[in-house]
Amino acid sequence: MKVSEVVAKADLRSFNEAGDKDIKGVYISDMVSDIIGIKEGNLLVTLQTHKNLIAAANLVDVAAVVFSRGKTPAEDVIALASKAGIRLLGYDGDTWTLAKKLYESGVR
Amino acid sequence: MTTRSQLANFKKTTDFFKFFIVKRNFPIAFLLYHTVPAGTSKDRVKFAYYECGHRMDVRKADLIKAKGDLTGIYPLVAAAAVKKIPAAFFEGPSLFFGVALRSFFWYIMRPEILKMKTMAKAACQHKWVMTNIRSGYLVIEGCFHCRNRISFFSDEPVPPIDDYQEGEHFWSHLADYQASKFDLKCERCGQEVPLKEVMATMLCMRCNPECGVYQAGSQDRDRKTWVYVALCANTSHATGQCITNEGLRALNEYFNSGFQDPAKKIIVVPCDLRKSVDTCQGIVLADVGLTEMY
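If you read the sequences in order, they're chains F and G. For the first sequence, this note's numbering gives the first residue as 1, with consecutive numbering after it. For the second sequence, this note's numbering gives the first residue as 1001, with consecutive numbering after it.
Chain G extracted, bound-state conformation (with noise of 0.2 Å):
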């Protein structure tokens, strides 16, 4: 079984950089010249970038980074540990078992090393980027039977206009907006956040002291705070669903990088903490009044 140890920066190269090494007792000097970069053991070999170099004292955020580096190496210590049994092993008559026993070692390990990849997604600094962007419409639909509200996202080519009934509700349409859906990823870890319930954001103009959306508002008045509400689907949280707490903490995370002005903060909250959808003065953002996407 490889091992890896964290070692200092490489003098030869800049005090940027920081080598994990998967297999012990080779001095660093030699595995870097020669295996680094091509090699045989350049799978074994791992780069991460510090701002701080290998002070990780002085700087929090290396420090949580490493952690999330070093916990990463062990799904590819257990990987390799597998390759290392003979491809034999698993061939021939004794095919069957072959198979059979790497199941059953997939099956104790996998628990542990999909542990470790979760520790390891925990620990990253995420940088959300939109993915798997899709047009479509914002179609709202009322029924006149309880007076509730539902809406949802169609990528059709015309947004669904018919009257249908569903058990005790009598849906008719009301309106369509044209509108754009998007998931989350991760640039760093690859983690995905799906947003498959948020269907529109909508700004809160601060018309209601009493309303939770105002509230949020109003926790941080040292800074630019501006609230932005996740809508999902149905406003009546009849199902007591809103969106996840995973996706508000993503979307948060991706609106606040990269402000030109540090006092400014943007809060993403979920629709539920609304007081009233009826006297909600909110901005949706979505484009009114267009009704052909082509």
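If we strip away everything but chain F, and leave its shape as in the complex, we get (with noise of 0.2 Å):
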């Protein structure tokens, strides 16, 4: 399933348009020494807002991230994430709710 689909059948919020590449498993974490050891594809779910996340999300190769609880990022994580080609979402919900929407959007 590609981005794009995923943001049209969660109702995400796009904060750049940077790459729609498939996905292929979803990683929910806040911690970046957590996320260094995912396998690439996976869409990245989290709290954490900082320019670090996305050097970390940069470096496995992530689909794109999506930051929960109405979390926004900053303009220079933004253009960071924009030159890196990882797309950044949002969701005003919780992430539990967030979980229960992708995989009845049909992400596994």
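Check each hint, because a few of them may be wrong.
[Said to hold, decoys possible] Beta-carbon label-pair distances, calculated as ranges:
#	chain 1	residue 1	chain 2	residue 2	range
1	F	Trp96	G	Asn1132	25 to 33 Å
2	F	Asp20	G	Ala1061	49 to 57 Å
3	G	Tyr1164	F	Lys9	50 to 58 Å
4	G	Glu1210	F	Lys39	32 to 40 Å
5	F	Arg108	G	Ala1263	25 to 33 Å
6	G	Gln1219	F	Ala8	27 to 35 Å
7	G	Ile1161	F	Trp96	33 to 41 Å
8	G	Gly1212	F	Ala8	39 to 47 Å
9	F	Asp11	G	Asp1163	50 to 58 Å
10	G	Val1129	F	Arg108	16 to 24 Å
[Unchecked claim] To list a few chain G residues with every Cβ distance to chain F over 12 Å, as calculated:
#	residue
11	Arg1147
12	Tyr1214
13	Gly1240
No wet-lab data here; the hints were simulated from the structure. As the structure is a prediction and not an experimental result, all values here were calculated from the model. Note that the Cβ used here is the ideal one computed from N, Cα and C, for glycine as well.
Using the hints, put the two standalone chains together into the complex.
Written out as structure tokens, the structure is:
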């Protein structure tokens, strides 16, 4: 499933228009040290909007990053993600509700 | 002594299998039909998969892999030869003599066997995975005497913050970040690369054109290149040591596998390329502000 499909099905907000990668899974974490070990192609769900999260997401080649609970990244974070080709998305609800919505949208 | 020969694909299976036969003069069809997968000769038959089938000449990657697979046969041949020596030879009143003889045999053969294993691993197109993952803290300490900074990984539940003296150094706690350490292991050949000197990684933000890290990322301008720095424990590099070449090679291979964008490239460089620790604006991949693991 492509990122654009998930955006439409799960009704996500988009902070940039960088890339439309294939999603191979979902990973939920708020810690950079935890993200470093994940496989490529994951849709990363997180609360952390720090720039080092984008650095880690780029290293492990995530498909996109979704910020839950209405978190909004700063302009420099969006710029770094756009440069790295990482789509940044937002969701107003909590992470659990987002996870259920992603599952119901067909993301596996 | 058994021999090995590399033979063409067996027509009754797919075009992608190649079989290695350790005993000679056995027709392939007979051996495969009667002894594979079960049978007494099962440990003498090794299967290998090649995407090009038997046409090694059209795909270099498979040529390299085949070489590794062939050389990997030699330790098996040596082990099989040892097994053939009757066990009784090593038992009874001549036990000491038998043990001495066996030890002498391994003393003679071991370097060759190790050399063959090394050659097999060198020919392997590694597929690295993380192993020995452990969570802990990246602890930064500074010496007010020499103004040097060091970092180390602590896997204790609470990071150490005590000041202490070590020779001429007076180390004080500066910061700690939740971090994780890992080693790399090849799924194909089993080779492990310990990364004990790697404390953290850092994304280069290309702040200084005179910096060696910046220049490392400027060489391949046709690709979307990102330079990450593998940080070692001692920023002064007083001992002259940094990340090992083996570790850097493995890290580069690991982080460059599986990109959806073929133009993307990650370059991992050692931290001794950095021009200045104090003015570096790189982004360290560590959890800033978290002080408790539980």
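Going through the hints against the structure:
Hint check: tryptophan 96 (chain F) to asparagine 1132 (chain G), Cβ distance near 32 Å, so the stated range 25 to 33 Å holds. Our hint of 49 to 57 Å for aspartate 20 (chain F) and alanine 1061 (chain G) is violated, since their Cβ atoms are close to 30 Å apart. About 56 Å separates the C-beta atoms of tyrosine 1164 (chain G) and lysine 9 (chain F), a value consistent with the hinted range of 50 to 58 Å. A C-beta distance of roughly 36 Å is found between glutamate 1210 (chain G) and lysine 39 (chain F), which places it inside the suggested range of 32 to 40 Å.
Separated by about 28 Å at the C-beta atoms, arginine 108 (chain F) and alanine 1263 (chain G) satisfy the suggested range of 25 to 33 Å. A C-beta distance of roughly 40 Å is found between glutamine 1219 (chain G) and alanine 8 (chain F), which places it outside the suggested range of 27 to 35 Å. A beta carbon spacing of about 35 Å between isoleucine 1161 (chain G) and tryptophan 96 (chain F) agrees with the range 33 to 41 Å that was offered as a hint. For glycine 1212 (chain G) paired with alanine 8 (chain F), a C-beta distance near 45 Å keeps the hint of 39 to 47 Å intact.
At roughly 53 Å, the beta carbons of aspartate 11 (chain F) and aspartate 1163 (chain G) sit within the given window of 50 to 58 Å. For the pair valine 1129 (chain G) and arginine 108 (chain F), the beta carbons lie near 22 Å from each other, so the given range of 16 to 24 Å is met. The Cβ of arginine 1147 (chain G) lies farther than 12 Å from every Cβ of chain F, with a closest approach of about 26 Å, so its non-interface assignment holds. With 12 Å as the threshold on Cβ separation, the claim that tyrosine 1214 (chain G) sits away from chain F holds: the shortest Cβ distance comes to roughly 16 Å.
Non-interface call for glycine 1240 (chain G) relative to chain F: holds, since the shortest CB-CB distance, roughly 28 Å, exceeds 12 Å.
In terms of the numbered hints stated before, the structure departs from hints 2 and 6, listed from lowest to highest.
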